[in-house]
Amino acid sequence: MEEERLKSILASLLFAAGEPVSLARLTAVFDDLPRAAVQKALTEMASQYAAENRGIVIDEVAGGYQMRTPKDHAGYVRKLLAARPPRLSRPLMETVAIIAYRQPITRPEIEQLRGVDTGGVLETLLEKRLVKIAGRKDAPGRPIIYKTTDEFLELFGLKDLEGLPDLSEFREIERAVEQANTGPVEGIETHPEDSAATAESLSEEPAEPETETSDDDETSH
Amino acid sequence: MSDDANTPPRLGADAGVRFRLPIYEGPLDLLLHLLKRAELDPHEVTASVITEQYLAWLELLDQLNLDVAGEYLVMAATLLLIKSFAMLPHPELADTEEAEELKRDLVERLLEYQRYREAAEKLAERALLGRDVFTTPGETAPEDANARQYTVSIFDLVEAIGAVLKRIADKTPRAIELRDIPVAECIPRILRALEGTGRIQFAALFEDANDRSLVIATFMALLELIRRREVRAFQEVRFGPIFLERGAAAA
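Protein sequence lines correspond, in order, to chains A and B. Residue numbers 67 to 287, in this note's numbering, belong to the letters of the first sequence in order. Residue numbers 630 to 880, in this note's numbering, belong to the letters of the second sequence in order.
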């Protein structure tokens, strides 16, 4: 297929879909195009759209590609749509940040970090679909564990969890804590199992994008 | 009063004046605020000026008849305990190790909390969908009309039954009614409901049930059928309505 035609079709697909569409889904639309060709076209489109100030950008978001309006046009678009921006209170932001960085995490762990009751905020986050229940922790009381959703990535324009601000810094801290824990620990209580689980989950997360479906399969049978 | 956040406003003399209280999200948040005002580092959280201001805030909240949550009091106790260790005339009598440990724990918690708070601020500054950037609403049709269905998890089901129970709680009389409905009796009813139409919405199964025990028994029966794969629960749109149909074992 001619390259320009491919790009033009891809533009239609992204426009019609609205939500982020994965490379796999986009490739599946064409009969015999290699993934790499579609990816190349998308990457070129993204830089073309940006360079030509087209009024639409192509962003990599939540594991897929999505057409969005550029940030500098926000004022105009908002006026047209009379859109009410999402309300994100500080407790809500704090809680979702903690879940994003530390997932999978239980409510007592979140409350330990924030120092306050978090039940109401968690409920709001679940309602807004920014957070989901990802099962139960194999610990006394089998507490529910929480994870962030694709909608979370979409809202904040993140490609994946690796894209979270300053994740590297957090990781270094986690690593330092972990190292401190491998030595003989006396006195300092640093919750060794917590930090180990976090480091593990952070490194595992991007490797399993299909968590959602597999989780569901396990739990429903 | 030059700095009303350092010294809590005093009530009484001019009680007609209304104070706007900054809302603090828990003791850690309040401590960070006090430290910032005093231009101190979280490592200096045990400075007596911070303890004093913290206690003054609690008193103020009390005067205002605002509920002081338990966690604020726990923090006050910790601060006072650390202070009391420092004030013992004979340091050798004090369990300095314990005091050090308490302090270290507190500093660590503050630093960690501060990190997440900063991360939250950075997240909120990003280009937010619906605020800074926009996209097309898109067609909500499933990606592949036949194949693309989302398996429903037990949590989705529990959430859905929670909604049903909430609905009937509003209509049922407050009388306590003990009825023992065998789960086994509900199974044929579910299967019958699925017979003709092929698929029904989860909520439809409970449409005319307005008895709590009947709803719960039906739900237990449904879980059993799903476990045996005689019934399948799925969604066409993620987070959309839950549908039920005969499962693989039924064929």
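Quick caveat, the hints were computed from the structure, so don't treat them as lab data. Please read these numbers as outputs of a predicted model, since none were measured by experiment. Note that CB positions come from ideal geometry on N, CA and C, so glycine has one too. Where hints are given, some of them may not hold.
[Claimed, not checked] Partner residues are not named here, just some residues of chain A that face chain B (Cβ under 10 Å, in silico): (1) 80; (2) 132; (3) 136; (4) 140; (5) 156; (6) 163; (7) 167; (8) 168; (9) 169; (10) 201; (11) 224.
[Said to hold, decoys possible] Heads up, simulated DSSO-like pairs for lysine-lysine below, C-alpha to C-alpha not over 30 Å straight-line: (12) B:712 with A:137; (13) A:225 with B:751; (14) A:106 with A:225.
Hint check:
Because the closest C-beta pair between residue 80 (chain A) and chain B is about 9 Å apart, less than 10 Å, the hint holds. Interface restraint check for residue 132 (chain A): the shortest CB-CB distance to chain B comes to about 6 Å, inside 10 Å, so the restraint holds. The restraint placing residue 136 (chain A) at the interface with chain B holds, with a minimum CB-CB distance near 7 Å, inside the 10 Å limit. Restraint check, residue 140 (chain A) versus chain B: the minimum CB separation of about 5 Å is within 10 Å; hint holds.
For residue 156 (chain A), the interface hint holds, the least distance from its beta-carbon to any beta-carbon of chain B being 6 Å, beneath 10 Å. Against a cut-off of 10 Å between C-beta atoms, the interface hint on residue 163 (chain A) holds, since the closest Cβ of chain B lies about 4 Å away. Satisfaction of the interface hint for residue 167 (chain A) is found here, the shortest Cβ-Cβ separation to chain B being roughly 6 Å, below the 10 Å cut-off. For residue 168 (chain A), the suggested interface contact is upheld, since its CB lies about 9 Å from the closest CB of chain B, less than 10 Å.
Given the 10 Å rule on beta carbons, the hint for residue 169 (chain A) is violated: about 13 Å separates it from the nearest Cβ of chain B. Nearest Cβ of chain B to the Cβ of residue 201 (chain A): about 8 Å, under the 10 Å cut. The hint holds. Restraint check, residue 224 (chain A) versus chain B: the minimum CB separation of about 8 Å is within 10 Å; hint holds. Distance restraint check for residue 712 (chain B) and residue 137 (chain A): the Cα-Cα separation of roughly 51 Å exceeds the 30 Å cut-off, and the hinted pair is therefore not satisfied.
For the suggested pair residue 225 (chain A) and residue 751 (chain B), the alpha carbons sit about 16 Å apart, so the restraint of at most 30 Å is met. Annotation: proposed proximity of residue 106 (chain A) to residue 225 (chain A) holds, straight-line Cα distance about 17 Å (limit 30 Å).
In this structure, the earlier hints numbered 9 and 12 are contradicted, and the remaining ones agree with it.
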